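What follows is each chain in one-letter form.
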Amino acid sequence: MTTDHDSAYDSLADEHGGDARWAFGTGFDDPLSGVDTAVPDGVEPADLAAYSLMLADDALVMSQRLTQWCTNAPELEEEVALANIGLDLLGQARLLLARAGAADPTLPGRLAPDLPHEDALAYFRGPAEFRNVTLAEGDNGDFARSVARLLIFSTWRLALLDRLTSSRDAVLAAVAAKGVKEVTYHRDYAARWVVRLGDGTALSHERMSAGLNATWPYVEELFVSSDVEQRLAAADVGVDLAGLRAEFDDVIAQVLPLAGLVHPPPENTVESAGRSGRHTEALVTLLAEMQGLARAHPEATW
Amino acid sequence: MVTTVGNARGGGAQGGTVSDARAIAESVTDPELPMLTLSDLGVLRSVEVSADGGVTVTITPTYSGCPAMDAMRDDLRRSLHEAGYSTVDVRTVLHPAWSTDWITAAGRAKLSEHGIAPPGPARQRAAGPVPLTLQPLVRRVSCPVCGSPDTEELSEFSATACKALRRCRSCREPFEHVKEI
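Chains as they are written, first to last, in this note's numbering: chain A, 1 to 302; chain B, 1 to 181.
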């Protein structure tokens, strides 16, 4: 059975039955392999794909920001926490990108027609083709600002996913049901840190307050449905974003008083429209980092 | 075993073929928790063998981002190929979502034997919005080394998505705990 190999890597590949281990691309199975991805009645496939892409991009971009804390977090435990939360969101993104590609196979398009949908969509779209909310893409700032964003993001996403569990699209419903379990502890983690820093020393309070105020301008966008979101909510496949506001406000109202933080003024908002592909410069540099390897070496294996 | 499979592929399923394929699939281990089989972990949902000998294995993911899922699919395919099943299809089912409650009693015993505290019952959710939990959950977890119930959580997050890091206050040993989900 022993085979001579010139390279240790060849023997590793042999040990794994000769399966190529791709850095990205064909080495990973379709995460929806064997799942019925039929589009529900009365829904345009392109709409379902666009909607799945929005939810995927929120998770993908947020995941990329969270993992940028690796080697930079204040404590090893927090680094592990942020990386784990980022990994959960990356997994949600993979399922949702695959769902988008299955609903509308023409979507991944032009640049990488041979790659699986999830890879083509993650690595070969430009910033204007991303549909994430602006909240997700901004620079991390300090730890306080990052946990402020994570609290806002996960409070909103949890309310959204919880409603999405009753979607008429069985794939979205199942992805949401799993996601609810995960985003529940993401939100708890972020809320505990907001309270701890807000109710901590004068310096930690000051930075927590600054982090919250810097993040709050991107809250309004979370509750404005695009045309696609409105159509899918009307078809009982998507979620009406305006309907999430009360639950969001209620959670924030539980956290801020315990943290000794003043609610940012409602007029503190900027016009943002990530859902229509208008993004800040921060997304451009984020994608350059995330996509650079895949674009430079589209056939790379490891 | 291979002979039985060969008969099946040669024409018509024989008794025992499904149970053979199932036994092979059930013996594949989790790459992150190698003391557990996929069956122990509760991710193996079904094994079917068609009349022409093709095997369809259905698994369900644990966490959305668990990187072990790809390895599990590869390992299932390889094990079944090596046993003579030439056509193997590993499928995914997403609903209902996996819970640590699906880890079998045998699986829990193996975790303990290997120094990893098994999960307690998953929390049942009441109607209405998901409640915010500002205080870390107080979990009653006994030390898998000395059995003492006097343990504390060091880190809610650990080397894999499914585990927390704890320490025993009696014997002072640190240990991992599979979190309830």
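Treat the hints as calculated values from the structure; they're not laboratory data.
A quick note: this is a predicted structure, and the numbers were derived from the prediction, not measured.
Think of the CB as a built atom: it goes at the ideal place given N, C-alpha and C, for glycine as much as any other residue.
Take these hints with a grain of salt, some might be off.
What the hints assert, rightly or not - Derived CB-CB ranges, DEER-like:
1. 172/B x 288/A: 43 to 53 Å
2. 147/B x 223/A: 22 to 32 Å
3. 223/A x 131/B: 14 to 24 Å
4. 246/A x 148/B: 44 to 54 Å
5. 223/A x 86/B: 47 to 57 Å
6. 150/B x 223/A: 38 to 48 Å
7. 147/B x 45/A: 52 to 62 Å
8. 149/B x 166/A: 21 to 31 Å
9. 276/A x 148/B: 52 to 62 Å
What the hints assert, rightly or not - Residues from chain A shown here face chain B by an in silico Cβ test under 10 Å; the list is partial:
10. 88
11. 173
12. 175
13. 271
14. 293
15. 295
Status of the hints after comparison with the structure:
The hint said 43 to 53 Å for the Cβ distance between residue 172/B and residue 288/A, and at roughly 48 Å that hint holds. Residue 147/B and residue 223/A have their C-beta atoms about 51 Å apart, which leaves the hinted 22 to 32 Å range violated. Against the hinted window of 14 to 24 Å, the Cβ-Cβ separation of residue 223/A and residue 131/B comes to about 22 Å, which satisfies the hint. Judged by the Cβ atoms, the range 44 to 54 Å given for residue 246/A and residue 148/B holds: they are separated by roughly 46 Å.
Distance hint check for residue 223/A and residue 86/B: the Cβ-Cβ separation is about 54 Å, which falls inside the suggested range of 47 to 57 Å. Between residue 150/B and residue 223/A the CB atoms are about 47 Å apart, so this pair conforms to the stated range of 38 to 48 Å. A hinted range of 52 to 62 Å for the beta carbons of residue 147/B and residue 45/A is consistent with their spacing of about 57 Å. For the hinted restraint 21 to 31 Å between residue 149/B and residue 166/A, the CB-CB distance of approximately 40 Å leaves it violated.
Distance hint check: the CB atoms of residue 276/A and residue 148/B are about 58 Å apart, consistent with the given range 52 to 62 Å. The criterion of a C-beta within 10 Å of any C-beta in chain B is met by residue 88/A, whose closest approach is roughly 5 Å, and the hint holds. For residue 173/A, the interface hint holds, the least distance from its beta-carbon to any beta-carbon of chain B being 7 Å, beneath 10 Å. Satisfaction of the interface hint for residue 175/A is found here, the shortest Cβ-Cβ separation to chain B being roughly 7 Å, below the 10 Å cut-off.
With its C-beta approaching chain B no nearer than about 29 Å, residue 271/A sits outside the 10 Å limit, and its interface hint is violated. Taking 10 Å as the C-beta contact cut-off toward chain B, the hint placing residue 293/A at the interface is violated, the least distance being around 18 Å. This hint is violated: residue 295/A has a C-beta 23 Å from the nearest C-beta of chain B, more than the 10 Å allowed.
This entry does not satisfy hints 2, 8, 13, 14 and 15, going by the numbered hints stated previously.
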